[in-house]
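Participant: Protein sequences appear in the order of chains A and B. Residues 1 to 128 (our numbering) make up the first sequence, in order. Residues 1001 to 1245 (our numbering) make up the second sequence, in order.
Honestly, the hints are just simulated from the structure, not real lab data. Being a predicted model, the structure only gives us computed values, none of them experimental. Heads up, a few of these hints could be off.
As the list claims (entries may be wrong) - Once the Cα atoms are required to be at most 27 Å apart in a straight line, the calculated BS3-like pairs of lysine-lysine come out as:
#, chain 1, residue 1, chain 2, residue 2
1, B, Lys1020, A, Lys101
2, B, Lys1167, A, Lys92
3, B, Lys1168, A, Lys18
4, B, Lys1020, A, Lys3
5, A, Lys101, B, Lys1167
6, B, Lys1168, A, Lys24
7, A, Lys24, B, Lys1230
8, A, Lys18, B, Lys1218
9, A, Lys92, B, Lys1020
10, B, Lys1167, A, Lys3
11, A, Lys92, B, Lys1118
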Amino acid sequence: MSKRKPYIRDLPVDWWMKQLFYTKYMIREGSSVLVTIYALVLAWGLFRLSQGEVAFNAWLGSLQSPLAIIFHLCAFILALYHTITWFSLSPKLVDIQVGGKGLDERIIIAVEYIVFAIATVICFLVVI
Amino acid sequence: MTDNIIEIGILRYRPEEDDKPVMQTYEIPYNDEMSILEALHYIKDHLDSTVSFRWSCRMAICGSCGMMVNGIPKLGCKVFLRDYYPKKVTLEPLANFPIERDLVVVMDDFIKKLEAIKPHIISKKKKCLTEGTHKQTPAEMEKYQQFAMCINCGLCYAACPQYALDKKFTGPAALALIARYNRDNRDAGAAQRMEIVNQEEGVWGCTFVGYCSVVCPKDVDPAAAIQLLKIDSAKDYLIGMFKPD
Chain A
1 MSKRKPYIRD LPVDWWMKQL FYTKYMIREG SSVLVTIYAL VLAWGLFRLS QGEVAFNAWL
61 GSLQSPLAII FHLCAFILAL YHTITWFSLS PKLVDIQVGG KGLDERIIIA VEYIVFAIAT
121 VICFLVVI
Chain B
1001 MTDNIIEIGI LRYRPEEDDK PVMQTYEIPY NDEMSILEAL HYIKDHLDST VSFRWSCRMA
1061 ICGSCGMMVN GIPKLGCKVF LRDYYPKKVT LEPLANFPIE RDLVVVMDDF IKKLEAIKPH
1121 IISKKKKCLT EGTHKQTPAE MEKYQQFAMC INCGLCYAAC PQYALDKKFT GPAALALIAR
1181 YNRDNRDAGA AQRMEIVNQE EGVWGCTFVG YCSVVCPKDV DPAAAIQLLK IDSAKDYLIG
1241 MFKPD
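Isolated chain B, as found in the complex:
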């Protein structure tokens, strides 16, 4: 520990007393091993117990502690005070989501979109247990694995100007998850998911800003998934012209 001090600004919103969010600044002892999430714990434990934020695993697995750190979507557990010191760190709830309280956002719309894309394997036909497991080669797994690393943290939605402008847009994580299942050779649900992909609010709502892939803490690259789905969607359209239904 050093005697140095770092300023942390938090955008506070307490629905029972605030009409709109207000910035509140705290001063905490600087420690170069302290993550932003630990800094929030310090504030909650020692300075102000009313500060609300989401967290769980502390190791970029659960995807709970997404927030805007100096205006950029980050996981609180994956960034450190040393990345900003001696400058002030400003924390705001994830952009493009309604604020529930302080750094906690309402993610209902995001969850609804994740559910809508049927994020599970839709089998060709029911398999009996005696038939054994589904076999998959490493090459077959490689086709979708990158898109399977999503932890549903919502950072990509906070980074997406298209989602900011139009909440009907399916958005990066849900579309990347479509790519994940459609590219899995055990899955037979592509035709059902293509209905979502082909919509204006599906892949065609994306203008390839690409910031979703930059902020993704798990290197999922949703922008790539969406562009590949655009190719699939175009093929789907062309095939549909000659072979309706």
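Next comes chain A alone, as it looks inside the complex:
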């Protein structure tokens, strides 16, 4: 008779806390929650704008509260973290062969940062 009795280990609930790589991945994925809330706040601002100047100013005023500032600061840091980690992963999505070899990862990442910087400057110019 077979003495086989394969043992299946349970996955602990805190599996993502046991390895720094997994923790960083969960922060990257979790950042989308704050970014979504930020987008909703922004969409709400657009809606208030459609209701007139008073409504829009009231929305602007509500953003001055300490809670709103802390939220936006956290959302900004996480969005930046998401951007940096995503840029570092993105060369895996690119399949460009140059001279029989894949394009250098550093070139892809550098181009992304340059476009990021240009887009940021344009956004600032539009707002100011």
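Assemble chain B onto chain A, guided by the hints.
Facilitator: Same frame as chain A, now just chain B:
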């Protein structure tokens, strides 16, 4: 040889007597040239002949000696005691696989997935021997060669949280092997393999954790293969919308 001692902890599981795995610690003489696999041989030869583990080539070719070394999937032959000394080294069977005995895991599910993706060249039409060999340029070979370096060690499955959470997920090595054959210009089986790729358990089960590529001992980069297949799958879907069948 020095007189220094290093502690090696091994997660033991003997199905005939254990209900669950237990940690057992051994002390062996430290040697900075000794690999983890050699340390296991020392334990088996001198201290405890009942310890079970898989091994064969001792040079990162066969992919047999995959195990968790201090919680990280590694090939026992490719890591050395000097990487950990003087700290204790803890060895556990590869995560996400059932334990057969001690450091030996049941890999049936992994093998089944490898077979399912048709890991061989599916020719356009049968070629007669007199027609000669299939010719391929270095540039054509470069397109798939990286994904062809897989040794089926299973480290990427042990590193994949998606596989840990859902065993139906096709997983990194099998998907990378799909990329390997689909990108080979001698192969005409892409349409058959895309059926596996397009499934929820195919590439879309991957959330791009990326740890599979970090632990791969042959630099295969399964994460890249899967993301490239996601693009192929999206194209396949779009084309299918306009051109059914």
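Participant: Next step is simple, just say for each hint if it's right about the structure.
Facilitator: Hint-by-hint comparison with the structure:
no. : hint                 : verdict
1   : Lys1020/B - Lys101/A : violated (49 Å)
2   : Lys1167/B - Lys92/A  : holds (25 Å)
3   : Lys1168/B - Lys18/A  : holds (24 Å)
4   : Lys1020/B - Lys3/A   : holds (15 Å)
5   : Lys101/A - Lys1167/B : violated (35 Å)
6   : Lys1168/B - Lys24/A  : holds (25 Å)
7   : Lys24/A - Lys1230/B  : holds (23 Å)
8   : Lys18/A - Lys1218/B  : holds (25 Å)
9   : Lys92/A - Lys1020/B  : violated (40 Å)
10  : Lys1167/B - Lys3/A   : holds (25 Å)
11  : Lys92/A - Lys1118/B  : holds (24 Å)
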